[in-house]
Each structure stands twice: as C-alpha cells, then as structure tokens.
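Protein chains: 2
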Amino acid sequence: MEHSSDMSVGRIPIVGVQPSLEEGRWPAKAVVGEAVPITATIFREGHDAEGATVVVTVPGGVEQIIPMPLDDFGNSRYQASFVPQHEGPHLFRVEAWSNPYATWAHAAELKVTAGVDVQLMLDEGVEVLTRAIAEVKRPAASQKLLKSAVSALSDPKLAPDARLAPAVSDAVKDVLTAAPLRDWVTTSNTYPLLVERERALASAWYEIFPRSEGARQNKRTGAWASGTFTTASKRLPGIAAMGFDVVYLTPIHPIGTTHRKGRNNSLTCEPGDPGSPYAIGAAEGGHDAIHPDLGTMRTFKNFVKKARENNLEVALDLALQCSPDHPWVTDHPEWFTTQLDGTIAYAENPPKKYQDIYPLNFDNDPQGISQAVRDVLQVWIDAGVTLFRVDNPHTKPLTFWEWLLADIAKDHPDVIFLSEAFTRPAMMHTLAKIGFHQSYTYFTWRQNAEEMAEYLEELTGESSFYMRPNFWPTTHDILTPDMQRGGAPMFKMRAVLAATASPSYGIYTGYEFVENVPRPGVEEQIDNEKYEYKPRDWSRADDYGIETLLTTLNAQRAAHPALRRLRGLHVHKTSNPNILCFSRYVAAADSPTGKADAVITVVSFDTDVVHDAVVTFDMAAIGLTGEDTITVDDALTGATYTWGREFYVRLDPAVTTAHVAGVR
Amino acid sequence: MEHSSDMSVGRIPIVGVQPSLEEGRWPAKAVVGEAVPITATIFREGHDAEGATVVVTVPGGVEQIIPMPLDDFGNSRYQASFVPQHEGPHLFRVEAWSNPYATWAHAAELKVTAGVDVQLMLDEGVEVLTRAIAEVKRPAASQKLLKSAVSALSDPKLAPDARLAPAVSDAVKDVLTAAPLRDWVTTSNTYPLLVERERALASAWYEIFPRSEGARQNKRTGAWASGTFTTASKRLPGIAAMGFDVVYLTPIHPIGTTHRKGRNNSLTCEPGDPGSPYAIGAAEGGHDAIHPDLGTMRTFKNFVKKARENNLEVALDLALQCSPDHPWVTDHPEWFTTQLDGTIAYAENPPKKYQDIYPLNFDNDPQGISQAVRDVLQVWIDAGVTLFRVDNPHTKPLTFWEWLLADIAKDHPDVIFLSEAFTRPAMMHTLAKIGFHQSYTYFTWRQNAEEMAEYLEELTGESSFYMRPNFWPTTHDILTPDMQRGGAPMFKMRAVLAATASPSYGIYTGYEFVENVPRPGVEEQIDNEKYEYKPRDWSRADDYGIETLLTTLNAQRAAHPALRRLRGLHVHKTSNPNILCFSRYVAAADSPTGKADAVITVVSFDTDVVHDAVVTFDMAAIGLTGEDTITVDDALTGATYTWGREFYVRLDPAVTTAHVAGVR
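Sequences listed follow chains X and D, in order. So for the first sequence, my numbering puts the first residue at 1; every next one is plus one. So for the second sequence, my numbering puts the first residue at 1; every next one is plus one.
Honestly, the hints are just simulated from the structure, not real lab data. There is no bait here: all hints are sound.
If you want the footprint, here are the derived chain D segments under chain X, 3+ residues with CB under 8 Å: (1) 12 to 19; (2) 73 to 79; (3) 97 to 111; (4) 119 to 126; (5) 345 to 353; (6) 391 to 398.
Within a straight-line C-alpha distance of at most 25 Å, the following computed DMTMM-like cross-link-like pairs (lysine to aspartate or glutamate) qualify: (7) X/Lys353 - D/Asp123; (8) D/Lys111 - X/Asp341; (9) X/Lys353 - D/Asp161; (10) X/Lys352 - D/Asp161; (11) D/Lys352 - X/Asp123.
Yeah, the Cβ is synthetic: ideal placement off N, Cα and C, and Gly gets one too.
Start from the sequences, fold in the hints, and give me the full structure.
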C-alpha cells in the first residue's frame with residue numbers, strides 16, 4: 001500500500017476504503033467478469049456537495065475512471081462497481097472532491113423558487129458551468145448542452161425559473177455526473193487488487209483415485225491389477241458428460257513400503273495391499289515421479305490430453321509429506337527432523353505416532369526445500385496440470401506458501417491452488433490471503449438450516465474478497481453423521497446445496513452410489529479407497545438418479561452466471577426451521593451476459609419426512625422493487641411456479657428434497 | 001505506520017493488530033493510568049507452540065516488554081494490557097515467536113506418562129532448558145531454578161516421572177513465561193499510541209454564561225448591568241463545592257451589533273439586548289478580545305486564578321464565526337466568501353439566511369486563517385485556559401483542525417479540545433481520530449433503556465480507542481422532549497446517567513432549577529440565556545435536591561476509578577423495558593489504586609410512576625467468578641443491599657429514580 005504524501009486527513013476526507021486486506025498488505029482478489037464493489041466513507045465539512053470517483057490502474061498502466069455514487073447516506077458510504085476485463089495485478093484508489101456544480105444547483109433550485117438572491121444564483125450558474133465547460137473534457141454534444149444552459153441562464157428575456165431550468169435539468173446533471181467539475185481532489189491510499197481467471201472462483205471438481213478406475217481382481221488368486229492412467233482415462237467422458245470442469249487425482253506417486261498401512265488403516269499390511277497414496281515416495285522416486293502401476297509420464301500426459309479433449313482440467317494432489325522410503329530421506333536428511341537419538345521424527349500426535357510418514361521440517365533448509373517443491377510443481381505444470389489440491393497446508397509454514405504461490409503465479413498465473421485446511425478461521429483466512437485461490441470449508445459440518453444460513457452469509461460477506469469456498473458434500477476423508485444416516489435423499493440434498501450455494505464445489509467419486517457406510521468410530525468410509533482398489537460399475541451410476549442430478553446441477557451452473565458468483569447470496573426467511581431458502585443474484589451491469597440473473601434454492605435439511613414452509617421472499621435481493629410475483633422454472637422437477645412475496649413450498653423426499661428455481 | 005521489511009506473512013503470522021486507526025494513519029488514544037488492551041491474531045503451522053509479546057516504546061525511547069497471553073483460542077486472539085505511566089507519543093508492536101520449551105513440555109508430559117520416547121524426551125528437556133539458561137537473561141534465582149530442573153532431568157537415579165517433574169512445574173513455567181526462550185521471532189508493523197493526561201478522558205464540566213453571574217436589572221429603568229468576570233468568580237466556590245473539574249464559559253468576546261438578535265432569537269433587537277455571544281466580533285475586537293462589559297484581560301486572568309484556587313480548570317468556547325462587525329471582515333475580507341455581486345455571504349441554510357453571522361471560508365487563505373486562529377488560541381492559553389469547547393467543528397475543513405490541534409499539542413499537550421459536532425458518525429469519529437480529545441454525543445437523544453444500552457455498548461467498544469464521549473443532559477442549545485416533560489425526577493435521572501455512564505459529563509448552569517420550559521417549536525429553553533441576562537438565586541439551588549445530587553455524583557466519580565474509565569461498561573438484562581442496569585468495572589491490575597473497583601447503576605426511564613424489575617446480573621462483568629452475592633452501598637439513598645445473580649429493584653420517583661451502587 002502506498003500512503004498518500006502527508007498521511008493527513010485530506011481536504012475531502014476518505015476513510016475505510018474496502019476491499020483492503022490487512023491494511024493493504026495483500027491484494028484483494030477478483031476474477032475476470034466478477035463485479036468488485038469498492039466502497040469508502042467520504043464526507044466533508046459544512047453543507048457543500050462532495051463527489052467521489054474510483055481510479056483503477058489495469059495491467060499495462062491504463063487508468064480506468066469509475067463513478068462512485070453515494071450508497072448509504074447515514075454512514076457516508078460511497079460505492080462503485082468495478083468489473084475486471086483483464087487478468088493480472090490491478091491497483092485502485094479513491095478520489096473525493098468538492099462538487100461546485102452540485103453545491104450551486106442545490107442552492108439555486110431552493111433560492112430561485114423562493115425568490116431569494118435570484119440574479120446572484122443565475123450569475124453563479126453561468127460561472128460554474130463556464131468552468132465546467134473550460135476545465136473538463138467531454139463529448140461535443142455534452143459541451144453543447146452545457147453551453148445552451150449557460151445561454152439560458154444569461155438570457156434576461158426569460159423568467160428566472162426558465163433561465164434556471166436547463167442548467168438543473170436531468171440531462172445537464174447526467175453530463176456533470178459523467179464528467180464532473182472537481183475542486184480539492186483528495187486521493188486515498190492505493191490498494192492492490194489481483195484479478196485471476198474465472199475458474200479460480202467458479203469450478204466443479206470431480207475427485208478420483210486413478211488406480212481404482214479399471215482395477216481388476218483376479219477371481220482365482222484374489223490378486224489385484226491396478227488401474228492405470230490409460231484405463232482411468234476411459235472414465236473421463238462420463239465425468240465430462242455430467243458437466244464437471246476439473247478432474248482431481250489423489251497422489252499418483254510411488255508409495256512407500258516401510259510401515260505401509262493395510263486396508264481400513266490397519267497397521268498390518270497384507271501382501272498385495274496397495275498402500276495409501278499419501279505415503280509418498282519409494283525407491284522408484286518421490287513427488288516428481290509416477291507410481292509404476294499407474295503408468296509413465298507419457299501415459300500421464302496422454303491422460304491430461306484426453307481430459308482436455310473432454311473440457312476437463314486436471315488437478316493433482318500436493319501432499320508434502322514423505323514415506324520413510326522417499327529419496328529425500330537419504331538425499332536430504334536435513335529436510336526432516338533428526339532427533340537427539342539420531343532417528344528421524346515420525347509424524348505424531350503425542351503420544352500417538354504415524355510411522356508411515358516423516359513430516360518435512362522447513363526450517364533447517366528453507367531455500368533448498370522450497371526450491372525442491374517448486375521444481376516438483378514445474379514437472380506437473382509442464383505435464384499439463386493446471387490445478388493443485390494442497391493437502392494440509394496449515395501444517396507447513398505460511399512463509400513457504402506465500403513464496404511458492406507467488407513464484408508459480410509469476411510464471412503460471414493460470415495455475416490454481418485449493419487449500420485443504422480444516423482448522424481455526426485465522427489460519428484458513430490467512431492461507432487464502434497469501435495466495436491460495438480456493439479453500440475447503442466447514443460446509444460439510446453445517447448440518448441444519450440455521451447454521452448453514454449463517455455460514456453462507458459469512459462466506460459471501462467480507463471474506464469474499466479473499467477466500468473463495470469450495471463445497472464438498474463428502475471426500476475420501478469425510479463422511480459426516482448426516483451423510484451416514486440420510487441415504488440417497490440426503491446425498492441429493494447436499495449435492496444441491498454444494499452446487500448452488502457456492503461458485504465452486506466438488507464431488508468425490510462414488511457419490512452416485514450413496515457410499516455411506518462408515519468405518520466404525522471414524523467419520524470416513526469403511527473399506528476406504530485410500531487403502532485399497534475400488535472399481536465401480538458405472539453402468540449403474542444413475543440407479544439413485546444422482547448422475548442425472550449432478551448433470552442437471554452442472555447445467556444450471558453453466559446457464560446461470562448468478563451460480564458462478566460468490567457475492568449476491570441472500571437468505572430468505574422461512575416458517576420451518578428445517579427449510580432453507582436462499583437466492584443467488586447478479587445484476588445486469590455486473591453480469592457477463594449483460595442480463596440480470598437470479599436462481600432460488602430451497603432445501604429441506606430433514607430428508608426423512610415431508611416438510612413444508614411459507615417463504616417470506618425479499619424481492620429486493622434479486623433486484624426487483626415493483627414486482628409482486630415472479631415466475632420460476634424448477635430445474636429439478638421441471639415444474640414452473642409463480643411465487644410472490646410469500647410463497648408455499650412442500651418438499652417430499654419421495655419426490656424431491658429441493659428446488660433449484662431459475663427466475664425468468 | 002512502519003511496515004515490516006518484506007510485507008510478507010512472517011514465520012509466525014501476526015494479523016489484525018488492534019488498536020489501529022485507519023491502517024495506522026492516526027494514533028490510538030489513551031490517558032495515563034488507563035489500561036489499553038492490545039490484541040492480535042497469532043497462529044502458526046502444525047502443532048508446535050507459539051507465544052507473543054507486546055513491545056511498547058515509551059517517550060524517550062525506552063522499550064517496555066509486556067507478556068501477551070492467548071485470550072481466545074477459537075479466534076487465535078492474543079491480548080496484552082498496557083497501562084501507560086507517561087504522557088506523550090508511544091509506539092507499539094507485537095512480536096510472535098515459536099516457543100520451544102512449551103512445545104517440548106507438552107510432548108514430554110504426554111509421552112513420559114505414556115512411556116513413549118522417555119529417554120529422548122528427558123534429553124530434549126536438558127537441551128531446551130540449557131538453551132533457555134544460556135540465551136535469555138533473567139534473575140539469578142530464576143536461572144538457579146532452571147539449572148536444578150536440568151539436574152533432575154539428567155539424574156539417572158530418579159524415576160522418569162521424577163526426572164521430568166521439576167522441568168514442567170508451574171514455577172519453571174512461570175520463569176519461562178516471564179522471560180521466554182524465543183525462536184523465529186516475527187514482528188508486526190509498528191503502531192502509534194498517544195497518551196494524554198487523565199482529564200482528557202475523565203472530567204466533569206459546568207457551563208456558565210459569565211455575563212449572567214452577577215447581572216443586575218435596574219428596577220426603575222429596567223436596564224441591565226452585565227455580570228463580569230469579577231462577579232462571576234463568586235460563583236466558583238459553589239461550582240467547586242459540587243465537585244466539578246471544569247468551568248466552561250460561553251464566548252467572552254465583543255458581540256456584533258449589525259443584525260444583532262433580540263431575546264428569544266428575535267430578528268428585532270430591543271435597546272439594551274446584549275446579543276448572542278456567538279455573534280463574535282465588534283469594534284472592540286474579535287476572538288482575541290474580551291467583551292468590555294465582562295472586564296479586561298487582567299480581570300479574566302484573575303478569574304482563571306480563582307478557578308485554579310478552587311481546583312477548577314477554565315474552558316473557553318471556540319466558535320469560529322464572525323459578526324459583520326468583526327475586525328477580520330475589514331482586515332481580511334479574503335477569509336470570507338465574497339459573492340459575484342461583491343457582498344460577503346451570510347451563513348445560510350438555503351433559502352434561510354442568518355444575517356448576524358459571516359462564516360469563515362478556509363479555502364482562500366488556509367495558511368493565513370490557520371495562523372490567525374492559532375494566535376487567538378495562544379492568547380487564551382497564555383491567560384491560563386486549558387480546555388476549549390469547539391462550536392460546530394464539522395463546518396470547518398478537517399485539514400484545518402488536524403493542523404491546529406497538532407500544532408497546539410506540540411507546545412501545549414495539556415490543552416484539551418471538546419468537539420461539538422452533532423452530525424453523521426463518519427464526521428464525529430474522524431474529528432476524534434484527527435485530534436479532538438472529547439466529543440459531545442447523541443446521549444441526549446437516546447431516550448429509552450434499549451436505545452441507551454445499545455449506544456453505551458457502541459461508545460465503550462471499538463470507538464473507545466479514539467472517541468471519548470462527554471454526556472450532557474441539557475445545554476444552552478438542547479432541551480429534549482423528555483426533559484421538557486419529566487420535571488425534577490427526569491432531570492435527576494439524566495444527571496445520574498450522564499455522570500455514571502461516561503467518564504466525562506457536563507451540566508449547563510440552571511439545571512439545579514429544572515429549567516425545562518421550551519421556546520415553542522424548538523428544543524431549547526424559552527428566554528434563552530444566549531440572548532439575555534439570566535442571573536439565578538443560588539441560595540435556592542437545592543430546592544429540588546439537585547445540587548446535592550450533583551455533589552454526590554461527583555464524589556462517587558472521585559471515589560471510583562471505574563467511573564473515570566470508558567471501557568469496562570456492561571449492560572445487564574432486566575425484566576422491565578423501562579429499567580436500565582449497567583456496571584462499570586476496572587480490574588485491580590488496571591486500576592490506579594491497585595484495587596479492583598465496580599459501580600452498578602440502575603435507572604428508570606419512566607420517571608412518572610413506580611417501576612420495578614428483576615435484574616439478571618452477570619458477575620463476570622465485574623470480575624467475579626465464584627461469588628453468588630455482592631454487597632453494595634447505594635450512594636443516592638444511603639441504603640446497603642445484598643444483590644445476587646438475580647436481584648429485585650423498585651424505583652419510586654417520589655424516593656429515587658436511580659441507584660448508584662458501589663460494590664464493596
């Protein structure tokens with residue numbers, strides 16, 4: 001943040017400029033086409049009029065001027081909307097100024113009507129408009145309009161009201177709003193804004209374990225043959241057909257054998273158990289290598305190419321931890337923690353130890369380890385990977401991430417990082433501020449309508465300027481009690497929520513089959529795919545209708561820009577505590593299509609029985625003021641409804657546990 | 001604000017440091033003896049322990065180190081309390097660090113108990129404590145304690161638990177909290193904190209029109225003889241006896257005759273009408289002159305001297321506006337607005353004009369006018385004035401105030417400015433941030449318990465770091481509907497509120513007589529003292545018991561440090577919407593007496609009839625956790641009560657409309 005020269009209050013005070021992250025230390029974030037509200041508190045002494053402008057410096061240095069009208073009189077809050085057109089680092093500042101025309105127009109309209117100081121007011125009008133013509137560039141037609149207003153003001157043959165009228169007309173006011181005469185221009189500090197590609201905000205992920213896709217068990221011997229990139233690539237058309245944007249692969253690297261975990265996280269590994277792909281590194285290589293069972297760099301690149309042909313980007317897992325067999329352990333023992341007894345420290349949660357994992361110690365050789373990770377990422381970026389899902393970033397120093405993400409962004413601004421940090425808010429928010437593009441969230445653990453409403457309002461509020469949520473109903477690590485218990489209706493409801501409440505969401509493969517049986521005592525699946533092969537019969541993927549549902553949801557997301565934005569969410573009151581209703585809205589001026597767009601989602605959190613409710617709908621939340629009713633098309637049932645300021649909904653789990661209603 | 005060198009996240013992240021005004025642009029404020037909570041969000045990767053310290057640089061450059069314990073785990077919020085001992089500009093920064101001793105102690109206690117890695121844990125303990133001894137200075141006794149812990153850890157004759165015990169004892173932990181071993185010390189930005197004298201926060205003002213004190217009317221001719229500084233000084237012992245700190249005089253300068261206002265703001269001035277002291281300036285002089293009727297600089301200085309003898313400081317009104325007869329009008333016409341017709345602009349609210357006043361125009365010659373005002377202030381400071389009540393500061397540029405207040409503070413840091421700005425919050429808050437010491441507030445217009453509770457919570461919250469409220473039940477300009485209607489009980493109740501809810505409050509003279517008749521159509525007194533002489537018979541000042549009440553309230557304020565602080569106010573729930581209960585509290589560590597102090601106020605906003613309520617009292621708000629009852633002494637009734645977590649109050653206007661209960 002650059003401070004204005006004197007750090008003083010300024011002739012026309014400007015305070016509380018937003019968005020500003022941690023006193024301008026980090027840039028606020030946006031994506032191309034996403035409206036960024038820029039706000040500031042601006043006021044002045046006495047009764048003269050002030051005005052405000054936002055100046056955005058786009059990459060390349062061109063300055064773009066945006067009018068900043070008064071938005072909230074009581075709080076002296078001005079607001080502009082900036083819709084970025086270019087990726088890259090932007091800067092913005094706020095300018096506040098005295099508005100001599102508005103000051104004059106206000107006084108002149110009152111005083112000429114009251115017959116007070118009439119000639120003086122007309123003379124002052126000539127003076128202020130003559131200045132406005134001389135001092136500010138504007139189109140010839142506008143200048144002509146101002147000149148004719150000056151002529152009328154100066155015409156003694158007209159009555160005073162008639163002399164004044166053109167100079168205070170809406171047309172003249174519009175001209176002087178577009179290109180105002182400004183005195184005492186005061187400038188705020190300059191704030192950074194980073195504009196990224198739209199997928200950094202809006203994306204639909206589909207997670208697979210590539211070794212499961214095409215894995216085959218020899219029925220006689222019981223031995224497994226791993227799936228490969230080649231067999232896994234056959235799944236890509238199916239994922240693409242549902243409309244996902246990203247296929248995310250759990251780690252594809254060689255897996256350690258020392259203390260390898262068996263099925264269901266057993267400490268005893270049976271022969272043939274493939275081990276957890278998160279125990280990275282073996283004789284065959286580390287984070288930059290490919291598990292031989294999966295294929296080679298050539299077949300991996302072929303997988304990426306096929307994904308691209310299916311309009312899918314490929315995301316890799318970045319899990320910065322090592323099995324005891326990782327090449328780094330012998331090549332760089334200084335990258336781990338060697339204890340006083342000479343052994344390398346395992347991962348632990350005292351007194352428990354995780355003997356299949358050595359955590360990296362970033363403090364002994366920060367430069368060396370950072371460069372090594374940077375080199376690993378380059379290998380995969382060169383192979384066509386454009387997104388990384390980062391496992392547990394909160395267990396590594398934030399200085400490391402800030403450097404790494406900045407260094408990647410310098411060369412590859414298109415590469416997106418998703419933070420998997422389930423921890424206290426300060427850490428999650430700061431990871432987002434220092435460069436992670438997307439974040440896993442507590443979506444999964446918000447299990448009733450009230451909690452979810454509160455959380456959605458939080459995520460779409462102030463933190464929307466830096467933290468972009470990615471909602472996952474399940475992952476290979478997470479199967480919450482409601483998902484264990486609620487069956488297909490619950491799986492459907494949570495998919496609707498995830499896909500329509502957040503611009504990014506993700507589905508872990510097998511969701512189609514309602515895989516909801518937990519390993520006793522933990523909130524994850526039994527026979528977890530982390531420790532074994534899990535091929536699925538995709539010919540039955542729509543047995544529960546979930547394949548169709550996901551396809552419908554992704555089609556809605558593609559059709560509705562409102563679903564691809566974070567701000568613009570509004571929760572509406574309902575009469576039933578089980579039922580949540582929210583709308584997503586983007587105004588015409590802020591929409592990439594140039595048309596306003598709104599979608600209303602209604603879900604029931606109790607998917608066991610029928611629930612109904614009256615929704616008290618706030619039309620203003622979707623930009624309507626005059627209208628008393630709207631016509632909506634429910635994408636889930638195909639029904640069309642007419643909804644008013646109060647409307648009735650009935651959610652029968654046998655039919656649907658949700659509405660996803662596009663507003664016509 | 002100085003930024004740390006690299007603007008990056010830092011090894012142990014520190015964000016959200018408070019207090020910070022507008023990104024460190026202006027200093028937060030405190031007074032000597034007032035505890036300043038300094039907070040920051042601090043967290044780190046993984047599970048190792050972090051710690052935090054505040055470093056305050058006091059005037060002169062000495063650095064004071066303050067421990068900053070974790071205050072709120074969920075929000076990763078650390079808090080330190082700094083109690084300034086010196087006036088002047090301070091700086092503070094937060095340091096966060098890795099705490100290797102705490103990391104080890106946590107693991108060692110778990111693992112030695114579980115029999116895991118026992119020898120390793122003991123060896124690591126020797127290492128970390130040996131470092132702590134070698135690397136950090138501390139008293140010899142503390143070092144000895146650590147050395148004996150090392151000896152125990154190293155003693156193979158002891159059982160493992162016994163070897164460990166001394167090293168994880170409370171005594172050793174205390175030593176390492178006071179002088180910790182710190183790795184990876186990370187430093188926040190540096191923030192300014194301005195410490196002023198205690199009266200800037202805590203003061204009791206008493207406002208008089210000096211010309212009224214001792215004014216006499218000739219019964220035969222009806223002509224008035226003005227009161228003088230000499231006659232007014234006779235009132236000082238009475239004001240002092242009530243326990244006030246400040247006597248505030250409305251303007252004492254020559255009053256213009258052109259368009260002078262008559263009684264009750266009449267446009268027609270009768271012979272002998274003294275005019276409004278706010279129409280400043282006449283042939284006899286301007287803002288640096290004394291009205292000849294009041295006396296001379298010599299008699300004024302004598303008034304100040306007598307005030308001092310009565311432990312009263314003198315506040316003057318600073319009303320920066322001029323009558324048409326002000327010497328500046330002829331000497332410096334450029335300091336006013338000359339219109340196109342050659343006339344000087346009157347004050348106006350279009351189409352209304354105020355022809356007795358020319359507003360200053362600060363933009364034509366900002367340097368000249370600023371220096372002139374600076375010179376005026378020096379005249380009065382040289383005469384012994386130590387406070388200024390600034391009339392309508394929000395009608396002058398804030399750049400002017402910021403410069404003026406800083407320039408005065410440089411030479412006279414003891415001089416206090418009270419801002420009389422009743423306007424939108426942004427202006428009121430920014431005036432406070434740029435240097436005003438105290439602010440009039442909306443206290444007067446918060447006329448029910450709910451509104452008042454909300455307002456008190458607002459004022460004692462975040463804005464307490466810059467805006468210090470001064471509560472006035474009435475002024476010469478303000479007589480709200482409840483005060484017009486409620487009679488003596490209402491006057492008493494509002495005095496109790498003002499004196500006990502805010503560290504600064506003020507009383508406009510005549511309050512003792514319940515002067516509550518408004519001029520029809522406006523919320524100020526009829527026969528307003530602004531336009532006429534108003535001598536009062538002070539022998540009857542206690543007819544309503546208000547003189548006694550004010551004396552009691554000021555005595556309570558003197559006895560209770562809790563009443564002289566802004567933070568520490570808590571509103572307690574009551575069962576009757578007319579009854580407000582709040583406590584004021586200062587902890588022993590934060591109290592100038594070294595003893596905790598608490599006062600509980602209960603008032604009824606309906607002073608017409610009897611009201612009762614059950615108060616649900618939050619003992620934690622006054623620092624009590626174990627206690628179920630408290631004994632309180634009511635300063636108003638002399639009664640002693642035992643109050644529990646729920647207690648009953650009955651407020652009978654015939655007896656009292658309030659309790660002011662000091663907690664024993």
